[in-house]
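J.: What follows is each chain in one-letter form.
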Amino acid sequence: MLTKEQIARRIAKEVEHGQYINLGIGIPTLVANYIPAHLDVVLQSENGLLGIGPFPKEADVDPDLINAGKQTITMLPGSAIFDSAQSFAMIRGGHVHLTILGAMEVSEHGDIANWKVPGKMVKGMGGAMDLVASAKHIVVAMQHCSKDGQSKLLPTCSLPLTGIRCVKKIVTDLAVLEIDPAGGFVLLERAPGVSVDEINAKTAGKLIVNGEIPEMTFA
Amino acid sequence: MLTKEQIARRIAKEVEHGQYINLGIGIPTLVANYIPAHLDVVLQSENGLLGIGPFPKEADVDPDLINAGKQTITMLPGSAIFDSAQSFAMIRGGHVHLTILGAMEVSEHGDIANWKVPGKMVKGMGGAMDLVASAKHIVVAMQHCSKDGQSKLLPTCSLPLTGIRCVKKIVTDLAVLEIDPAGGFVLLERAPGVSVDEINAKTAGKLIVNGEIPEMTFA
Amino acid sequence: MILKTVKNAEDAVSDISNGAMLMMGGFGLSGIPENCIAALLKKEVQDLTIVSNNAGVDDFGIGLFLQKRMVKKMISSYVGENDEFERQLLSGELEVELVPQGTLAERIRAGGAGIPAFFTPAGVGTEVAMGKEIREFNGKLYLLETGLTADFALVKAWKGDTAGNLIFKGTARNFNPMMATAGKITIAEVEELVPLGSLDPNEIHTPGIYVQRIFQGEKYEKRIEQRTVTTG
Amino acid sequence: MILKTVKNAEDAVSDISNGAMLMMGGFGLSGIPENCIAALLKKEVQDLTIVSNNAGVDDFGIGLFLQKRMVKKMISSYVGENDEFERQLLSGELEVELVPQGTLAERIRAGGAGIPAFFTPAGVGTEVAMGKEIREFNGKLYLLETGLTADFALVKAWKGDTAGNLIFKGTARNFNPMMATAGKITIAEVEELVPLGSLDPNEIHTPGIYVQRIFQGEKYEKRIEQRTVTTG
Numbered sequence: 001m002l003t004k005e006q007i008a009r010r011i012a013k014e015v016e017h018g019q020y021i022n023l024g025i026g027i028p029t030l031v032a033n034y035i036p037a038h039l040d041v042v043l044q045s046e047n048g049l050l051g052i053g054p055f056p057k058e059a060d061v062d063p064d065l066i067n068a069g070k071q072t073i074t075m076l077p078g079s080a081i082f083d084s085a086q087s088f089a090m091i092r093g094g095h096v097h098l099t100i101l102g103a104m105e106v107s108e109h110g111d112i113a114n115w116k117v118p119g120k121m122v123k124g125m126g127g128a129m130d131l132v133a134s135a136k137h138i139v140v141a142m143q144h145c146s147k148d149g150q151s152k153l154l155p156t157c158s159l160p161l162t163g164i165r166c167v168k169k170i171v172t173d174l175a176v177l178e179i180d181p182a183g184g185f186v187l188l189e190r191a192p193g194v195s196v197d198e199i200n201a202k203t204a205g206k207l208i209v210n211g212e213i214p215e216m217t218f219a
Numbered sequence: 001m002l003t004k005e006q007i008a009r010r011i012a013k014e015v016e017h018g019q020y021i022n023l024g025i026g027i028p029t030l031v032a033n034y035i036p037a038h039l040d041v042v043l044q045s046e047n048g049l050l051g052i053g054p055f056p057k058e059a060d061v062d063p064d065l066i067n068a069g070k071q072t073i074t075m076l077p078g079s080a081i082f083d084s085a086q087s088f089a090m091i092r093g094g095h096v097h098l099t100i101l102g103a104m105e106v107s108e109h110g111d112i113a114n115w116k117v118p119g120k121m122v123k124g125m126g127g128a129m130d131l132v133a134s135a136k137h138i139v140v141a142m143q144h145c146s147k148d149g150q151s152k153l154l155p156t157c158s159l160p161l162t163g164i165r166c167v168k169k170i171v172t173d174l175a176v177l178e179i180d181p182a183g184g185f186v187l188l189e190r191a192p193g194v195s196v197d198e199i200n201a202k203t204a205g206k207l208i209v210n211g212e213i214p215e216m217t218f219a
Numbered sequence: 001m002i003l004k005t006v007k008n009a010e011d012a013v014s015d016i017s018n019g020a021m022l023m024m025g026g027f028g029l030s031g032i033p034e035n036c037i038a039a040l041l042k043k044e045v046q047d048l049t050i051v052s053n054n055a056g057v058d059d060f061g062i063g064l065f066l067q068k069r070m071v072k073k074m075i076s077s078y079v080g081e082n083d084e085f086e087r088q089l090l091s092g093e094l095e096v097e098l099v100p101q102g103t104l105a106e107r108i109r110a111g112g113a114g115i116p117a118f119f120t121p122a123g124v125g126t127e128v129a130m131g132k133e134i135r136e137f138n139g140k141l142y143l144l145e146t147g148l149t150a151d152f153a154l155v156k157a158w159k160g161d162t163a164g165n166l167i168f169k170g171t172a173r174n175f176n177p178m179m180a181t182a183g184k185i186t187i188a189e190v191e192e193l194v195p196l197g198s199l200d201p202n203e204i205h206t207p208g209i210y211v212q213r214i215f216q217g218e219k220y221e222k223r224i225e226q227r228t229v230t231t232g
Numbered sequence: 001m002i003l004k005t006v007k008n009a010e011d012a013v014s015d016i017s018n019g020a021m022l023m024m025g026g027f028g029l030s031g032i033p034e035n036c037i038a039a040l041l042k043k044e045v046q047d048l049t050i051v052s053n054n055a056g057v058d059d060f061g062i063g064l065f066l067q068k069r070m071v072k073k074m075i076s077s078y079v080g081e082n083d084e085f086e087r088q089l090l091s092g093e094l095e096v097e098l099v100p101q102g103t104l105a106e107r108i109r110a111g112g113a114g115i116p117a118f119f120t121p122a123g124v125g126t127e128v129a130m131g132k133e134i135r136e137f138n139g140k141l142y143l144l145e146t147g148l149t150a151d152f153a154l155v156k157a158w159k160g161d162t163a164g165n166l167i168f169k170g171t172a173r174n175f176n177p178m179m180a181t182a183g184k185i186t187i188a189e190v191e192e193l194v195p196l197g198s199l200d201p202n203e204i205h206t207p208g209i210y211v212q213r214i215f216q217g218e219k220y221e222k223r224i225e226q227r228t229v230t231t232g
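Chains as they are written, first to last, in the working numbering: chain A, 1 to 219; chain D, 1 to 219; chain G, 1 to 232; chain X, 1 to 232.
Think of the hints as simulated: they come from the structure by calculation, not from any bench.
To be clear about the criterion: a stretch of chain D counts as covered by chain X if any three or more of its residues have a C-beta under 8 angstroms from a C-beta of chain X, and this derived list gives those stretches:
{"id": "1", "region": "42-56"}
{"id": "2", "region": "60-66"}
{"id": "3", "region": "79-88"}
{"id": "4", "region": "122-130"}
{"id": "5", "region": "155-166"}
A quick note: this is a predicted structure, and the numbers were derived from the prediction, not measured. In this text, a Cβ means the ideal position worked out from N, Cα and C, and glycines have one as well.
Please build the complete structure, drawing on both the sequences and the hints.
T.: Listed below in structure tokens is the structure:
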């Protein structure tokens, strides 16, 4: 079973040179720490910044410079600031190449649910619905099962949806999977020491296993 | 019969304190010269400027600063520059209070034609269709008759339309008229020395004359 | 130029009354109109409908309106930082319309730009799509969303001049520029009010045509929600 | 940062070929991509579809393309400054789609912003409305217009950095920023190419994400169409 940091490290391998990338809150934010230095990429913050830099030193903290998780951040040489309409013009217009976000559930058709649990608190979808409806490539970072052991990779989502048929790839604490256009989770890689059988047992949706499944490596 | 300058001077009386105004090419541009100095108004140029200043001195000519008629202009303290989408957001969103433009024909229902003469050259509508579809108050500056004596104030326009039911007021070389919501040109003022009979004879659309019609005065 | 200066926040919000619909700039606590919020708190206006990406925190920003139960309805994209909010929502005291963030930004821009409706892909296949027209363009499905305007837009800028031209700083810009275009009355509060001619016309983010009132805020706390720092 | 620098105009336009659809910034002759125009003239590509507010004059700007009969179709709002244009139009050599200027600007913005269609009041009741859906919102009629993209957008800025961030000057801004968002490949030529970090992130008009190639133009004539001056 991978730690959150390992999930982030594995996802970092999905990043390609020259990409503009939106990282969601939580594990996705950690991915920034593991993107190989030789790749030139730019991180977009949907509240209005291209070129997210590292967290500031105490003396450089600026309340007018935060990311979508409301954390204080810095800019980089070549950064650009813009308003929220422009930010989502970028996202909706397909100018952001890669979106990495968390999920509560993913279906075998690539549907995703991550914004609402009926009966519990509704926090809102923020920018997630725009991101999943628009990005060319969507990678989900999530735990394979809930804390009480229920699979979060389902035939169909039980929670209110964030978007339909949009997820391309999923990295969990157990596996890397991609969505088959015809439906199903195609198993691509196993976490070190995790068996195909275990993944199969913990995947409620249709799991597609083609040949030998390698163990994953990390960025 | 008024000169072009007199038409512009009469239209200048329509201007109110605090207005943002778009002036079309031709006579409307001249209106700027006659706006009383005690009125604070701002002129918008649809190619991307609020706060049009006077023409530049020879030494100050800047190819990067032109109006919608492609004339070199200047800015004023408090001017703002923006792009074409923002410019028409202002216009379409009703933030520009007054539009003054020329016309080839106006109908008694306030339709206007000013961009195309079939069989002759088609120059295009530029921003005129956006302006007439959006402005709260539209004043037309025009000659009452064409060069061959045909009335340009018609029951219905014969030329391709720029907009429908949009013109509020018309200032010609002969008269000031407003459009009756039920249809018809309501005669408000006569040019000095021009009789109601002459205006009636030269207005092909329905002319509405209520009581004594005063001679116009100028700003 | 047409001058827009008013004396202070109290004067600026004096005609905002019960039942008004307000847009309020800001993302989290960044770029919120702190002085207008304080002035409205004093007035204790009721039954407000507020369009704001977030709802503040319990003891700052719009959260203070919620404490005083001044809000009837929130139109937001994310409201998850506020216990009092949760209580009022669950008890039915507060109505909430959740809108995807990009759709919210575009609806406000459209409202200010005279676009009554537009198609967007966000929310297709979700409960956001309920009751909305769905149409296919180039093989992809889109929802029809409508433009949004408000009685008042309260925005916060870094600098502004007396003609209402505004310049924002950093990510405090966020929703402020489009909200400025969508208020029937737009009230801008600025950290620094400067004379006409002080701002470069090329650098203005919000042209003064959109702003009806402007004043320099008395003070800015600019509270930080998540202070994250690196050491060394 | 992702660097976008190419050597010169020739390199920038090297893959623009016959039949391409191009957006070209500028209003009149102000803010036009002079160096890209010169490079395309050398290539003599044919059958271009060009989206540009105007069509240049006989001997400058897009007028030069018309002289060489490189253009199949123009999509513009106003084309009235060009005799060769008139001749080709009347003889049927040139196809022209006239679009209201605000609709053109918004269609390009929409194309870049992933909005496939929107409603606008411009053109209701005119021949522009022919074949288009008309719908009433709040008692007013609107046309449905579609977003517009192009194979290439050629834009001209004042300053740009190697990441493709652009700053425009004066009314030479015009259509350039929205076209930059709507090109599958956007080529920016600038008067001054500056190193990363030279531009204030708050002052950038076009973020680099929209720009695939950038270079400093060799020279700029910046011809003036209507030189109007005051004396004294």
